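Student: Chain by chain, the residues:
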Amino acid sequence: MLFLLILLLSLIAQLFLPWWSLAVVCFLIAAWKARHGGHAFLAGFGAIALLWLGAALFWHFASEGILTERVAAMMTASSTILLFVATVALGGLVGGLSAMSGFYVRRALG
Amino acid sequence: MKWLKAALATVLTLLIIYALNRTFGIVPALGPFLSPYEGFWRNGEQVGDFESEELTLHGLQQPVQVRLDSLRIPHVFAQNDHDLYFAQGYLTAKDRLWQMEFMTHAAAGRLSEVVGDMALEMDRYQRRMGMLESAKASLKKLQANPKSRLAMDAYSAGVNAYISQLSPADYQVEYKLLHYKPEPWSPLKISLLLKMLAMDMTGYSDDLRMTNVLRKYGPEVIKDLFPDYPFREEPIIPEGIKPDFTPLPVPPTPADFMAQALSHALERQKPENLGSNNWAVAGTKTANGYPLLASDPHLGLSLPSIWHAIQLHAPGVNTFGVTIPGAPGVGIGFNEHIAWGMTNVGADVLDWYEITFKDSTFQQYRHNDQWKPVRLVVEEIKVKGGGTVVDTVLYTHHGPIAYLPNETAFRSRNTPVGHALRWTGHDTQNELLALYEINRSQNFPEFRKAITHWAAPAFNFVYADSSNIAIVSNGLFPLKWTGQGKFLLNGANPTHDWQGWVPMDQVPAVLNPDRGFVSSANQTPVSPKDYPYYLGSSFAGYERSARINQRLTSMTQATPDSFRLLQTDTYSFVPKNVLPTLLQLIDQASLTAEQKRVYQTLASWNYHYDANKIAPSVFEEWWQNFAQAVWSDEFPADQFKAPARDRLVQMILQEPTARWFDDVTTPIKETMADLANATFRAVADSAASGEEKEWEWGHAKNSNIRHLAQLPGFGQKLYSGGSANSINALNGSHGPAWRMVVQMGPTVKAWGVYPGGQSGNPGSPFYDNQLEDWQKGNLHQLLFLRSAEDRPEQTGVVWKLKGK
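First to last, the sequence lines map onto chains W and G. Mind the numbering: the first sequence is residues 1 to 110 in the numbering used here, read in order. Mind the numbering: the second sequence is residues 1 to 804 in the numbering used here, read in order.
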């Protein structure tokens with residue numbers, strides 16, 4: 001439930017708002033729904049990682065990956081796979097940490 | 001405990017988000033950059049992404065039709081000039097906004113705003129050279145004329161119409177990488193681009209290094225080693241054509257002056273391969289009986305391409321060619337009546353004046369036996385992630401004092417002497433009006449009148465219509481005594497000031513010469529025997545022009561394809577003139593077997609710099625080392641100018657015992673043969689021990705085309721023939737930035753190619769789609785449409801633009 005809510009609402013947020021809006025969504029929803037810290041982190045990480053992976057794959061294939069290769073070369077990554085991994089890990093980390101913070105803050109507030 | 005955990009987690013999360021949302025030096029803001037909802041992932045593009053559509057743009061007066069051909073070149077059909085330039089601005093920005101803005105930031109000395117303090121010294125240099133000040137001054141002139149004003153205002157409005165449509169996810173990838181957003185376009189930026197062009201072409205000098213030579217060796221050596229006219233030359237204006245005008249009196253040469261000794265300056269040396277070619281042949285030499293014209297300007301190659309191609313059609317104008325992204329009108333191209341192209345003249349239009357200050361407050365300087373006030377201009381350079389750096393630039397009537405002997409001293413305000421810059425880039429003319437009128441010219445008198453508005457950089461304008469060919473070395477040339485500005489000048493002496501201008505109707509020009517062709521390759525415009533004014537003494541070597549003239553002289557029944565082949569010709573007169581003599585000097589008996597093999601490679605070479613040959617690499621390496629061995633002892637490059645190649649060639653052929661061959665750093669006396677043998681052996685050993693592949697010319701010369709901001713992965717390595725002194729002047733990252741061939745006649749036909757593509761987006765197939773054909777030497781036929789309805793099958797995509 002937590003996972004699905006984050007997935008849906010942060011998708012909508014990112015379509016219209018800057019990238020960091022996902023952190024706000026994760027924070028609030030985890031504060032509302034998460035059962036414990038680990039649950040919040042995993043749901044936030046998983047949902048955002050999936051959203052970023054899906055969108056990255058979509059745009060990559062939609063443009064035959066010309067730019068993915070150039071950016072990978074620019075960042076001295078040996079392959080485009082690394083660029084996907086970095087993207088997914090970074091999105092997931094921000095999602096997971098903000099969800100976890102949301103849960104801890106709610107618990108602190110009682 | 002609960003609170004501690006909550007606070008820790010929240011602070012950590014916020015810190016990470018903050019860190020990901022900003023740049024650190026060259027590290028991009030990874031959050032927004034990697035996010036597939038707004039970052040670089042969104043910048044990919046496909047061929048099929050372009051579809052016919054209707055667009056509503058606030059500011060258009062009447063509907064405009066844009067047809068895109070298979071190269072994605074837009075063909076604009078507008079109903080008035082305003083809409084024409086509005087659409088050009090809109091379409092250029094759509095393809096190249098980041099590039100346009102980055103170039104104007106570079107010109108204005110504002111790069112620190114987007115890349116941080118690594119660009120600070122570059123920015124300071126631009127300000128000291130007076131770029132921003134002169135762009136502002138020129139803008140007034142550009143705006144004073146209603147035509148150029150209309151073009152600039154409409155173009156800027158078009159660019160801004162594009163910018164206003166963008167959301168952050170739409171920004172070009174470079175914006176995302178550097179984490180900033182586009183600012184509104186303005187006519188000042190157009191003026192800056194014109195200044196940048198002038199700076200690129202003419203913003204260099206040898207005056208300081210020449211003065212050092214003068215101080216060390218005296219006027220006799222200068223006369224011997226740095227003659228005002230080269231040993232071998234084929235001037236643009238064929239020799240023997242006498243001027244048909246009454247010249248102005250030339251200012252008298254004042255008494256000798258030698259500037260004080262200086263060890264360094266903000267002096268940009270003239271790059272040797274900053275060259276271009278253009279030529280035209282008369283109908284008597286062509287297969288279809290009408291003139292043919294070719295133009296290939298050489299510039300530093302970069303991606304996105306320096307040029308953007310477009311066709312502009314409106315009542316009174318139908319022109320096609322390449323444009324400088326960011327400025328209205330067509331730069332090099334053709335219309336239904338004429339075709340034109342440019343090469344750089346390279347005249348001496350930048351001089352340095354030694355300034356005498358009254359006291360350490362630097363408020364007044366000496367001129368004409370009076371103390372005159374200095375004008376202070378405060379330049380503010382904003383730095384990304386930092387504050388604002390304030391720099392005060394001192395202006396004399398000559399121009400800005402760009403250099404003070406010691407920068408630390410400059411800041412602590414105790415430097416007695418500086419040098420002021422006098423440069424035609426600071427003089428105002430209306431180059432935009434020149435382009436506006438060239439684009440609409442129908443005959444030579446109209447063309448000639450149009451280019452009188454062109455001041456800087458001075459260009460050799462080649463011209464053809466269906467019955468005439470011409471070439472005009474046109475621009476602002478200061479009226480100088482012979483040799484003025486070869487050395488540093490005295491800023492206190494009014495006879496050293498520039499005394500006026502060569503009248504625009506007296507610049508070197510020739511119309512329909514007897515030999516049936518005109519050509520230029522940056523060589524001396526005209527022999528001093530045939531021309532009353534001094535234009536400079538340091539032009540490009542004669543080798544490229546000699547090859548062009550040799551081929552054009554023998555050409556009959558020329559076709560566009562003959563011109564295409566000539567543009568990609570790799571022959572060079574440099575080895576032709578010196579290699580046989582140098583090889584004779586080699587003591588063959590003492591060579592090792594491997595050295596002999598290298599010797600044979602050179603001896604059997606046909607002087608074509610082909611990509612798969614070894615000989616060009618060996619020769620170039622040897623020739624550079626040999627020249628270095630001759631000159632570097634007497635003329636170390638950090639302080640002195642070494643004599644030109646032409647003079648060395650003359651010495652090898654005619655003065656084999658010249659004193660300069662001796663290496664003065666050794667007690668023994670070296671001869672020309674000693675130097676030739678020693679350098680040959682070293683190069684031959686290195687060639688014999690290296691990988692054969694590495695010595696192939698195509699690899700060895702290490703040609704590449706890089707991204708404008710030097711981003712790795714956004715450029716490409718090149719493998720191609722040619723050399724700095726071949727017609728195909730591809731060398732390092734310099735080369736033909738646009739190749740164009742135009743066939744005149746009742747129906748003008750044209751071909752062209754440039755290294756890159758229409759799109760500035762590295763994620764687009766149109767970013768570099770012409771690169772391979774350009775490397776191979778192929779040209780694309782350009783679709784020159786006569787009307788909005790002409791050949792509809794040739795353009796798949798049509799955009800209908802209308803106002804609100």
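These are calculated hints, taken from the structure and not from any lab test. These figures come from a predicted structure and were not determined experimentally. Glycine included, C-beta positions come from ideal geometry on N, C-alpha and C. Be aware that a few hints might be false.
To be verified - Derived DEER-like restraints, expressed as beta-carbon distance ranges: (1) G/Leu-14 - W/Gly-65: 31 to 37 Å; (2) W/Phe-61 - G/Gln-442: 50 to 56 Å; (3) G/Tyr-125 - W/Gly-65: 36 to 42 Å.
Said to hold, decoys possible - Short, incomplete list of chain G residues facing chain W, as computed with Cβ under 8 Å: (4) Pro-32; (5) Trp-41; (6) Glu-45; (7) Arg-128; (8) Ala-673; (9) Ala-709; (10) Pro-712; (11) Tyr-719; (12) Trp-751.
Said to hold, decoys possible - Using 30 Å as the maximum straight-line C-alpha spacing, the simulated BS3-like pairs for lysine-lysine come out as follows: (13) G/Lys-449 - G/Lys-776; (14) G/Lys-2 - W/Lys-33; (15) G/Lys-94 - G/Lys-449; (16) W/Lys-33 - G/Lys-749.
Student: Now tell me, hint by hint, if it's right for this structure.
Tutor: So, going through the hints one by one against the coordinates:
1. For the pair G/Leu-14 and W/Gly-65, the supplied restraint of 31 to 37 Å holds, since their beta-carbon distance comes to about 34 Å.
2. Restraint check, W/Phe-61 to G/Gln-442: a C-beta distance of roughly 52 Å satisfies the suggested window 50 to 56 Å.
3. Between G/Tyr-125 and W/Gly-65 the Cβ separation comes to about 40 Å, which falls inside the hinted range of 36 to 42 Å.
4. With a least beta-carbon distance of about 5 Å to chain W, the hint placing G/Pro-32 at the interface is held under the 8 Å criterion.
5. Given the 8 Å rule on beta carbons, the hint for G/Trp-41 holds: about 4 Å separates it from the nearest Cβ of chain W.
6. Against a cut-off of 8 Å between C-beta atoms, the interface hint on G/Glu-45 holds, since the closest Cβ of chain W lies about 6 Å away.
7. The beta carbon of G/Arg-128 comes no nearer than 32 Å to any beta carbon in chain W, farther than 8 Å, and the hint placing it at the interface is violated.
8. Restraint check, G/Ala-673 versus chain W: the minimum CB separation of about 49 Å is more than 8 Å; hint violated.
9. Of the supplied interface hints, the one on G/Ala-709 is violated, with its beta-carbon coming no nearer than about 11 Å to a beta-carbon of chain W, more than 8 Å.
10. Hint status for G/Pro-712: holds, given a least beta-carbon distance of 5 Å to chain W, under 8 Å.
11. A least Cβ separation of about 18 Å between G/Tyr-719 and chain W goes past the 8 Å threshold, and the interface hint is therefore violated.
12. Given hint, G/Trp-751 at the interface with chain W, is violated; its Cβ is 27 Å from that chain's nearest Cβ, farther than 8 Å.
13. Between the alpha carbons of G/Lys-449 and G/Lys-776 the distance comes to roughly 38 Å, so the proposed pair goes past 30 Å and is violated.
14. At most 30 Å may separate the alpha-carbon atoms for a hinted pair to count; G/Lys-2 and W/Lys-33 meet this at roughly 18 Å.
15. Restraint check for G/Lys-94 and G/Lys-449: the C-alpha separation of about 34 Å exceeds 30 Å, so the hint is violated.
16. Between the alpha carbons of W/Lys-33 and G/Lys-749 the distance comes to roughly 71 Å, so the proposed pair goes past 30 Å and is violated.
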